[in-house]
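Visitor: So the sequences go chain by chain: A and B.
Counted from 1, the first sequence has number 129 at position 84 by our numbering; the numbering is strictly sequential.
Counted from 1, the second sequence has number 71 at position 53 by our numbering; the numbering is strictly sequential.
Rather than coming from a laboratory, the hints here were simulated on the basis of the structure.
All residues carry an ideal CB built from backbone N, CA and C; glycine is no exception.
Keep in mind that the hints are not guaranteed to be accurate.
[Unchecked claim] Some chain A residues close to chain B (C-beta under 7 Å, calculated; not the full set):
#1 ILE58
#2 VAL59
#3 PHE62
#4 GLY127
#5 GLU130
#6 LYS148
#7 PRO149
#8 LEU152
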Amino acid sequence: MSGDVLVVDDESIVRDFFKDIAKSLGGRVDTAEDGDIAVEKCRHRHYDIVFMDMRMPNMNGLEACRSILSIDPRTKVVMMSGFSEERLMDEAIRCGAICKISKPFELRSILELIASAIPGSRSGGGGSTDGPFCLLLSL
Amino acid sequence: MADNLDKEQTTKRPSTWLAALARSGLGIQGKFLLLITAVIIAAVFGFSWFFIHHERTVVTEALLKRAKSLATNLAYNSQYGVLARDARGLSKLASGIAREEDIVYAMVIDKDGAVLGHSLKSAVGKKTHIPFEMIGIVKDSECGRCHKPPQNHLIHVMMPVETVKHEISREDLLLPDDEASDAGDARSARSNVKVERIGKAVVGVSLLSMERMMASAKAAVAMIGLGIGCAAVIAVFLMTKAFVIPIQRLVQATERIASGDLGHTVEVHGNDELTELARSFNSMVTDLRGYHEEVENYSRTLEDKVQERTSDLEEINKTLRDTQAQLIQASKMAAMGQFGAGVAHELNQPLAGISGYTDLLLLKMDPDSAEYRYAKKIEDQCTRMTKIVGNLRTFARQSKFEYAETDVNQPIDDALMLLGEQLRSHNIKLRRELAPGLPKVLGDANQLEQVFLNLITNAKDAMESKGGGTLTIISRASDTANFVEVLVADTGMGMDISTMADIFNPFFTTKDVGKGTGLGLSISLGILEDHGGRIEVHSAKGEGTAFRISLPGINEPPCWELVDCSGGCGLSKEECPAFKNGKAHSCWEEVTKRLRRKGDPLPPNCRVCSVYKRKAIKPLHECWKFDGVPVK
C-alpha cells in the first residue's frame, strides 16, 4: 500500500513526521517540498490522498490542489494550514479538497483521514487489505 | 469757503445790518426779539409823533379860531367906543374878552396905534408901534424884532375896527377925501357907503395851556406807546418761545440721537408746521432705529453663526482627534497582529512536529510506564501552546471585524488564556465565575477579547504596585435575560472621581511613560458602543476598581443602524440583508447569492460587507435599562 500517500510541505519536520509514522508502521509516504514537485509527482502516478500545506514557496497549496485535481480527479486532497488562511482554505474546499486541518494536528485525525481515503482500508473489512494505517488505528 | 462767500454776497444786497444780525451770535429768539422790538419802537415813536403833531395843529387852529372870533367881536363892539374914544368902555370890553380862557390880554388901538382900551388899565393911553395895516395873526416872534425875548408863546390876533360912512354930506362929517379913497372898496364906492378902518382890536392868546395839554398828551401817548411796546415785546417773546421751544427740542433730540440714543423721540402736540416737522423727525428716528436694530441683529446673528461654526469645528476636531487615536490604535493592532501572525505561523510548524511525535510516542508506549506519563506531560504542554498560538492568531485577525452570534464567555477565556501567566507571576488570584448558557450577543469576538484584554491588563497594573490582589471576573445574564453583564473588578489602587472622569478619553493614562498608551479604555468604549453596549466604572481610592459591562443579547431589538458598509458593494441600507435581519454576519454570501441569482456581475469592489460600522440611533439608556447587580 505504500506510495498511496503524498505529503506536500516546505517544512521538513512535517514531512519527516509523516515518513516516520509510515516507517514505524512498516509503510511509506511520498513527500514533496513544494507545489511544483507535488504536481509533477501526481502526473506520474496516482495518490489516494494528498496532504497539502497552504503556504509554500513557488506554487501555493490552492493552485497545487487545483492542478492535481485536474490531472487526477480521484485524488483526495486534505488542506493543512499553520495560520488562518481561511479564505484560501474555503476556496480550496470549493475547488474539491475534501477537508481542511490546522496545525498542529492530532495524530488520530490524520490516521482517520488516511484510513477513510485508502480504498478498502476500513470499509473493505477484509484482513488482507488492511494496511499499516489500519493497524495503527486499531491501537 | 466758496459757499460762504456766495452766501455773503447774496445776503449783502438786501441789507447789510440784517446780514450782520443774521451773523451775530444771537439765537433765533434773540434775533426775532431784537428785530420786532426795533420795529415796534419805531412804530410807536412814529405814531406818537404824528399824533402829537396833528393834535397840536388841531388845537392851535381851534384856539386861533376862537381868538379870531373874540377879536372880531371886540372890534365890532368897539366901533362906537373908538369913534367916541371912550377909554373906559373900551377897557371894560377888553377886560371882558381877556377874562376868557387862554386870552392874556385884549386891547383896542386907534389908527395911530394909541391904546384906547386895554384889559390892563395901566396900558391905556400908551402908544404901540404895530403897523396899522397889520391884520390877522401875528406870532410872538414878529414882536421879537423889537421886543426882547418872546414871552409866553403869545399869538396876537388883530382885527380891524371899522365904521360905515354914509355919503350924505361930506362937509358934515369933516372927513378928508383922500382917506375915504384910501379905503379902496368897490362896494362902498358903488353904494356910496364907505367902510372906514378906524382902529384895531388886538387879542393876545397864550399857547401855554395848549402846550401844557400837549405835554400831558405826549406823556399819555408815551405811556400808551410804552405799554403797547412792552405788550408787543412780551407777545413776540412768547410767540418766538412757542416757535423756539419745539425747535430747541428738535435740536436736543438731534444731539441725543447723534450721541447714540436712538430710543429718544420728540413730544408732539398740536397740528402746525413745527409739529409736522417733529412728526417726520420722529418717523425718521424710528426708521433709523429700525435700520440700526437690523444691523445689530445681523451682526449678532453673524456672531452666533461664527460661534456655531466654531463649536461645530471644535466638535469635528474632537471627532477627528478621537478617530485619529483609534486609527493609531488600529494601526498598532494591525502591526501587532502581523507580528503575531508571523510568530504563530513559525511556531506552528515546530509545534506540529513536537505534538505529532509526542502522539506517536504515546501510541507506542505502554500506558502504565513512567515514560508514557512523561510523554503525556509533553502532550499537555503542547495543547496549551496550541491554544496560545491560536489566541495569537485570533488577535492577528483584529482588523477584520466579523459580527456573529458570540458567547461572551469565549473572549473572556481567550483573554485570560493570554494573560493568565502574567497574573500568576504578579501574585494575582483569579476569581472566575462565568455563567454557562449566556444569551448570545451579536458581536465580534476579537474586538470583545480586546476589551477584556484591556480591562484585565489595567487590573493587573493597578494591583502590581500593591504586590498582588484578586481579579474578579463574573459574567451573568440580566434578569430579563436579554442582556449579558460582565464584571471585571480588581483590588488595586483605585482612583478618585476626577481621574474617573477622564479615563475614557484618548491618551489619558496614569501609567508610567512607555507602559500605557492611554488608548485602551477609549478603544474599549468605542467597541462596546459599536456593539450597542455600555460600560460603567466604580472605584474607591486605595480599595480597587470595578468595570461593569452590559451587552444586548441577540434577541434584543437592535438600537443601531447601519450607517456605512465599507464593503463597497453599493447596496443601500434597505437593500442590505444583513441589516434587514438585524445581523451582519454572512452578509457576503447572501449578497453574492442574491446578485448571482439576478445574473448581475458582482460590483468590482465588493468585498465582505460584514465589515461595517454601527451607530446608535437612540441614547443607550433608552434602548435598555441596566439592571445588573450594584458594584461595591
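Visitor: Does each hint fit the structure? Answer for all of them.
Guide: Going down the list of hints, with the structure as the test:
A cut of 7 Å between beta carbons decides the hint on A:ILE58: the least distance to chain B is about 4 Å, and the hint holds. For A:VAL59, the interface hint holds, the least distance from its beta-carbon to any beta-carbon of chain B being 6 Å, beneath 7 Å. Taken as an interface hint, A:PHE62 checks out: its beta carbon lies about 4 Å from the nearest beta carbon of chain B, inside 7 Å. For A:GLY127, the shortest C-beta to C-beta distance to chain B is roughly 4 Å, which falls under 7 Å, so the interface hint holds.
This hint is violated: A:GLU130 has a C-beta 10 Å from the nearest C-beta of chain B, more than the 7 Å allowed. Below 7 Å, beta-carbon pairs count as interface contacts, and A:LYS148 has one with chain B at about 4 Å; its hint therefore holds. A least Cβ separation of about 4 Å between A:PRO149 and chain B falls short of the 7 Å threshold, and the interface hint therefore holds. Because the beta carbon of A:LEU152 sits about 3 Å from the nearest beta carbon in chain B, less than 7 Å, this interface hint is met.
Hint 5 from the list above is the single one not met by this structure.
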